[in-house]
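Order-wise, the sequence lines are chains A and B.
So for the first sequence, full-length UniProt numbering puts the first residue at 1; every next one is plus one.
So for the second sequence, full-length UniProt numbering puts the first residue at 1; every next one is plus one.
In case anyone wonders, no lab produced these hints; they're calculated from the structure.
Backbone N, C-alpha and C fix where the C-beta goes; we use that ideal spot for every residue, glycine too.
Heads up, a few of these hints could be off.
[Stated by the list, open to error] Pairwise CB distance ranges, derived in the manner of DEER restraints: (1) A:90 x B:301: 22 to 30 angstroms; (2) B:215 x A:275: 53 to 61 angstroms; (3) B:147 x A:18: 41 to 49 angstroms; (4) B:147 x A:266: 39 to 47 angstroms; (5) B:289 x A:49: 48 to 56 angstroms; (6) A:148 x B:17: 26 to 34 angstroms.
Number of protein chains: 2
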Amino acid sequence: MTEFELIRKYFQGKPTPSWCTLGIGDDAALIQPPAGRELALCSDTLIEGRHFPVRTAPADIGWKALAVNLSDLAAMGAQPLGFLLNLSLPQADEAFVAGLADGLFELAAQHDVALIGGDTTRGPLSISITAFGHVAAGQALRRDGAKPGDVIVVAGELGAAALALQQGADAPPALRAYLDRPQPQLACGQALAGVAHAAVDVSDGFAADLGHVLKASGCGALIELEALPLAPALRALPPGEAQTLALHGGDDYALVATLAPAAWASLQGRHAGLCAVGQIQHEGGLVGRDGQGKLNPVPLTGYSHF
Amino acid sequence: MTEFELIRKYFQGKPTPSWCTLGIGDDAALIQPPAGRELALCSDTLIEGRHFPVRTAPADIGWKALAVNLSDLAAMGAQPLGFLLNLSLPQADEAFVAGLADGLFELAAQHDVALIGGDTTRGPLSISITAFGHVAAGQALRRDGAKPGDVIVVAGELGAAALALQQGADAPPALRAYLDRPQPQLACGQALAGVAHAAVDVSDGFAADLGHVLKASGCGALIELEALPLAPALRALPPGEAQTLALHGGDDYALVATLAPAAWASLQGRHAGLCAVGQIQHEGGLVGRDGQGKLNPVPLTGYSHF
Numbered sequence: 001m002t003e004f005e006l007i008r009k010y011f012q013g014k015p016t017p018s019w020c021t022l023g024i025g026d027d028a029a030l031i032q033p034p035a036g037r038e039l040a041l042c043s044d045t046l047i048e049g050r051h052f053p054v055r056t057a058p059a060d061i062g063w064k065a066l067a068v069n070l071s072d073l074a075a076m077g078a079q080p081l082g083f084l085l086n087l088s089l090p091q092a093d094e095a096f097v098a099g100l101a102d103g104l105f106e107l108a109a110q111h112d113v114a115l116i117g118g119d120t121t122r123g124p125l126s127i128s129i130t131a132f133g134h135v136a137a138g139q140a141l142r143r144d145g146a147k148p149g150d151v152i153v154v155a156g157e158l159g160a161a162a163l164a165l166q167q168g169a170d171a172p173p174a175l176r177a178y179l180d181r182p183q184p185q186l187a188c189g190q191a192l193a194g195v196a197h198a199a200v201d202v203s204d205g206f207a208a209d210l211g212h213v214l215k216a217s218g219c220g221a222l223i224e225l226e227a228l229p230l231a232p233a234l235r236a237l238p239p240g241e242a243q244t245l246a247l248h249g250g251d252d253y254a255l256v257a258t259l260a261p262a263a264w265a266s267l268q269g270r271h272a273g274l275c276a277v278g279q280i281q282h283e284g285g286l287v288g289r290d291g292q293g294k295l296n297p298v299p300l301t302g303y304s305h306f
Numbered sequence: 001m002t003e004f005e006l007i008r009k010y011f012q013g014k015p016t017p018s019w020c021t022l023g024i025g026d027d028a029a030l031i032q033p034p035a036g037r038e039l040a041l042c043s044d045t046l047i048e049g050r051h052f053p054v055r056t057a058p059a060d061i062g063w064k065a066l067a068v069n070l071s072d073l074a075a076m077g078a079q080p081l082g083f084l085l086n087l088s089l090p091q092a093d094e095a096f097v098a099g100l101a102d103g104l105f106e107l108a109a110q111h112d113v114a115l116i117g118g119d120t121t122r123g124p125l126s127i128s129i130t131a132f133g134h135v136a137a138g139q140a141l142r143r144d145g146a147k148p149g150d151v152i153v154v155a156g157e158l159g160a161a162a163l164a165l166q167q168g169a170d171a172p173p174a175l176r177a178y179l180d181r182p183q184p185q186l187a188c189g190q191a192l193a194g195v196a197h198a199a200v201d202v203s204d205g206f207a208a209d210l211g212h213v214l215k216a217s218g219c220g221a222l223i224e225l226e227a228l229p230l231a232p233a234l235r236a237l238p239p240g241e242a243q244t245l246a247l248h249g250g251d252d253y254a255l256v257a258t259l260a261p262a263a264w265a266s267l268q269g270r271h272a273g274l275c276a277v278g279q280i281q282h283e284g285g286l287v288g289r290d291g292q293g294k295l296n297p298v299p300l301t302g303y304s305h306f
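Bound-form chain A, shown alone:
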């Protein structure tokens, strides 16, 4: 099957949403974004052996490639519209493409996002997705708006993807799903748009990604270590080990946001998925407080691609 036939069979022919005036199959796609909104655009590449283990099921690769991009839109508070898919394949392997399309469109359907374009080529296995969505002008969640006194909140659970990666083939399916099928926190992100001062999604690790907010905003943070929303699978581990995974493990695709205490008080009851884990401070650096009230610096390390 040629490149064109593969694309046609698995990626074309889906209904085109009304905001998309020209979908897959031309030199470019055409969209009419909603009037008066800003358009958020992001793009992430997944490489075999680096962003997903070799022999990951094709459907999981498809899911994850879209999920990490939707997570970036969630971290902006944006409502996703669609995406472009650039697929590099070692060979025109129909079973692989069919599986990948399955996982990809399963997540796309859950969030009503449409594939509108992209590219397929032969090369080492990698997938780049460019996703876009919209947000009210001026209300997007940037990284540089955190203010001393802000409550730090997390949407989602921490540490399970890193634990699944550690356990490799031995990870039970429910744990493995955290790594292979992360759920982008779109609803929480949208609830935080125009409300929170700053947000980031947790891809490199909680400490590293919160660190990006602290650096961009020029402030520090105190984290209540016992308040971190550990994934259930971590609760059986020794507390130190669980905390290390939650603080420094990557691939969680949780959101971390900072907002004024009053805004948090009014949001708190209405969003079960959010929990407060600390406070933004004037001083630089990240400090963790344990259950005994003891303070310790937390290194801003996470996963580095180089």
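Chain A is already provided as a structure; the job is to place chain B on it using the hints.
This is chain B only, laid out in the frame that chain A set:
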């Protein structure tokens, strides 16, 4: 140098255009597209050894990765705004990134397009760019609008990139530039927007890409073989060989458009870069007419990535 440091040094810190309310460095970029225009989005991946020869100069890789995407926007008649860059590198090689950034930004500056986001990761060398631009609503150049009787015009020259690829390291620099530094036909594309019935850019080869227009539009075409705008380097070749390169060689990034004879008559004098090469016909297939008036079918073959 880490991923973050490389990105910061070579890709951040450029001025952000007014339509971009948030550039590189957050989870997503934010743009405010011009009101009342459609947004055109396209994305192409370049892989070493497939889309550019191994040992291509990094600056040429950077140029070409952007050029092929701007060529897609040209084929829509769009005015480019910006792009996202996804770079996969075998190692954090500063000299390579510096060279790549040089070529990329040289072309970007020529067309006033801004880098607003993307991703850098470790992996086999590949570059995905997602470019976007705007076009008056309803005036974009699609592939499916060609009509019998339309004049077929070409902007740019044909065959030289394929000849350079054939000659490899022996290609003189001026010829090699056709392969490494294609010039997207943005001005011609914009002049054709709202005027031409259909357009496509020549990436896989003139016959193959015109074939996409014929298929999408449900018609055929007669090409005057002697009217094809051969690149100067092809004029020294035996005519048959030159025509084969012009018809079936890839990587030209010329534009092929079809427009009503009256529209062509009024445009003809004003755009020196355009030349008429044939006519759209009712019957399917592509037919070439040589200097003696002899008709021969032209296969719709070009470069296939699989």
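Each hint, compared with the structure:
no.	hint	result
1	A:90 x B:301: 22 to 30 angstroms	holds, 24 angstroms
2	B:215 x A:275: 53 to 61 angstroms	holds, 55 angstroms
3	B:147 x A:18: 41 to 49 angstroms	violated, 27 angstroms
4	B:147 x A:266: 39 to 47 angstroms	violated, 60 angstroms
5	B:289 x A:49: 48 to 56 angstroms	holds, 53 angstroms
6	A:148 x B:17: 26 to 34 angstroms	holds, 32 angstroms
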